[in-house]
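Trainee: Residue numbers (my numbering), protein chains in the order written: chain Z, 88 to 333; chain F, 19 to 266.
Keep in mind the hints are simulated off the structure, nothing from the lab. Hints may contain errors.
Pair ranges (Cβ atoms, derived) [what the hints assert, rightly or not]:
id, chain 1, residue 1, chain 2, residue 2, range
1, Z, 111, F, 50, 27 to 37 Å
2, F, 243, Z, 278, 51 to 61 Å
3, F, 263, Z, 142, 52 to 62 Å
4, F, 31, Z, 261, 25 to 35 Å
5, Z, 132, F, 128, 46 to 56 Å
Ideal Cβ positions, reconstructed from N, Cα and C, are used throughout, including at glycine.
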Amino acid sequence: MIDANVFIGDSLYENSLGLQKLLEMMRQSGVEKAVVRPLKPPDFDFDRANRFISELQRTHPNLIGFGRVNPLLRQAPEQALTAVQEYDLRGIHLHPWEENYQINSAKVDRVVEALEAQVPIYVSAGYPVVSHPLQVQDLADRHPETTFIATHGGQQDISGMSFDDALIMARESQNVCFDVSGVYRRDFIELLVEQAGEERIVFGSCTPYMDMAFEIVRIRSTHLGLEIKDRIFQGNINRILGLQEG
Amino acid sequence: MIIDAHAHADENDIWGWYDPPEKVIALMDEAGIDMAVITPYADEPGPSPGLENLKRYVAQFPDRLIGFPRIDPKFGQQSIEIFERAIRENPLMKGLKLHPISNLVKPFSTLCVDLIRKAGELGVPVFIHCGDKIPALPLQIARAAGLCPATTIICHMGGYFHAEEILRCAQRHSNLMLDTSSTPYPEIVRQAVELLGPDRVVFATDNPAGDPISELQKIRMLHLEPGVEERVLWKNIAELLRLEVGRN
Chain Z
88 MIDANVFIGD
98 SLYENSLGLQ
108 KLLEMMRQSG
118 VEKAVVRPLK
128 PPDFDFDRAN
138 RFISELQRTH
148 PNLIGFGRVN
158 PLLRQAPEQA
168 LTAVQEYDLR
178 GIHLHPWEEN
188 YQINSAKVDR
198 VVEALEAQVP
208 IYVSAGYPVV
218 SHPLQVQDLA
228 DRHPETTFIA
238 THGGQQDISG
248 MSFDDALIMA
258 RESQNVCFDV
268 SGVYRRDFIE
278 LLVEQAGEER
288 IVFGSCTPYM
298 DMAFEIVRIR
308 STHLGLEIKD
318 RIFQGNINRI
328 LGLQEG
Chain F
19 MIIDAHAHAD
29 ENDIWGWYDP
39 PEKVIALMDE
49 AGIDMAVITP
59 YADEPGPSPG
69 LENLKRYVAQ
79 FPDRLIGFPR
89 IDPKFGQQSI
99 EIFERAIREN
109 PLMKGLKLHP
119 ISNLVKPFST
129 LCVDLIRKAG
139 ELGVPVFIHC
149 GDKIPALPLQ
159 IARAAGLCPA
169 TTIICHMGGY
179 FHAEEILRCA
189 QRHSNLMLDT
199 SSTPYPEIVR
209 QAVELLGPDR
219 VVFATDNPAG
229 DPISELQKIR
239 MLHLEPGVEE
249 RVLWKNIAEL
259 LRLEVGRN
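With the hints as constraints, model all of the structure from the sequences given.
Mentor: This is how it looks when you write it as structure tokens:
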């Protein structure tokens with residue numbers, strides 16, 4: 088099992104997650120590998136945080152590193168490229184809620200264009216004003232060569248009013264994949280699999296914001312077939328990141 | 019014994035949502051849930067026969083389903099009369115559901131307050147959808163709770179972004195109870211039990227939208243004291259609704 092969405096390190100928001108704690112969490116949950124990216128560093132220095140992730144990846148083969156940048160900063164495109172080319176990180180995470188920008192703004196385009204579709208871009212999606220599903224789609228449609236992975240099934244709305252918009256993105260934007268962290272509606276997970284296709288859904292827990300063990304239960308409890316669940320738990324992220332299975 | 023304090027059943031042509039009671043009960047059986055409070059998707063009065071469907075469902079499964087009519091407060095006295103009649107004429111109706119996202123009336127507005135107070139007079143609780151959007155924010159519901167101290171109000175744990183806020187609101191208003199469905203954070207359920215006490219948290223699933231198996235697992239994985247877990251899983255809602263269950 089591979090958890091595609093884990094944040095690690097010191098956090099401005101006092102939800103820091105250390106390496107040993109993460110490894111223990113993974114062991115308890117039966118997660119063999121995790122894709123890790125920085126929590127928001129208290130000093131706001133994403134380049135330093137990305138180097139920390141790179142070092143973790145180098146010393147722990149069961150951790151796959153993603154960088155994180157703040158597109159509001161002029162140096163963000165360069166930082167993203169450095170994270171991929173010099174630090175060997177396998178993707179870039181964008182968190183418009185914590186960095187306070189709209190995901191479909193021109194500043195984000197600069198980052199995406201700099202990366203030239205070399206790696207996938209993971210987007211914290213479904214946050215009001217900044218990453219509504221149609222805003223994520225707006226970005227993704229401008230960059231059809233880039234693979235995006237949207238958290239939370241593309242939406243976070245317990246009244247269900249954003250499901251339709253997320254499903255529009257699932258149907259229309261083939262370059263968008265989804266994790267389903269925090270999606271409490273089983274029927275929506277199943278619909279998302281149906282409409283995006285079983286190859287575009289990955290398991291990503293959004294640890295430590297959400298609960299790794301419970302996010303596994305969420306997927307296991309669906310009425311999806313075992314083969315589809317296996318793809319969600321590992322096959323799809325292996326393919327997206329070009330990793331060898333097993 | 020496990021009682022789900024918040025589930026849905028309705029067959030709604032307007033929204034295309036078809037969840038008949040047989041489907042809800044099959045999911046309850048799969049998870050081992052004995053009884054559930056159900057509410058329709060449609061507000062009453064309105065173009066879809068939500069209340070009539072609800073009456074039919076609870077009559078069909080009186081040992082498994084308890085009805086909370088879903089009322090649109092915008093119709094003032096007419097809304098109150100519909101609600102009062104539903105409660106007085108049918109012992110299987112034991113509460114009121116308000117969904118501010120669909121009725122677009124703020125919980126602390128006079129229209130809502132009149133209905134909520136009527137529920138208090140009738141001795142039944144009110145379930146108000148509580149999430150991340152106006153007009154269903156925790157502070158808006160808390161204001162209603164303050165205006166209607168004689169009525170017990172149950173609501174979700176604040177959705178994705180308002181979990182801490184609803185806990186603070188519930189600490190301030192002793193007539194607010196919280197249900198465990200919808201929140202993605204198991205730890206918030208634990209905090210609610212610790213901060214509010216074991217008597218003010220009720221297990222719920224939002225079945226069939228929410229998945230009963232994983233919602234139940236969310237509670238089990240907290241490893242609450244057996245007596246506390248029992249209160250959350252059924253005793254609190256059973257006492258609130260005066261259900262004749264679990265009395266050996």
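Trainee: Look at each hint and say if it fits the structure.
Mentor: Evaluated hints:
Roughly 31 Å separates the CB atoms of residue 111/Z and residue 50/F, a value that falls within the hinted 27 to 37 Å. Taking 51 to 61 Å as the suggested C-beta distance range, the pair residue 243/F and residue 278/Z does not conform, at roughly 38 Å. With their beta carbons about 58 Å apart, residue 263/F and residue 142/Z fall inside the hinted range of 52 to 62 Å. Evaluation of the 25 to 35 Å hint for residue 31/F and residue 261/Z yields a pass: the beta carbon distance comes to about 32 Å.
Roughly 53 Å separates the CB atoms of residue 132/Z and residue 128/F, a value that falls within the hinted 46 to 56 Å.
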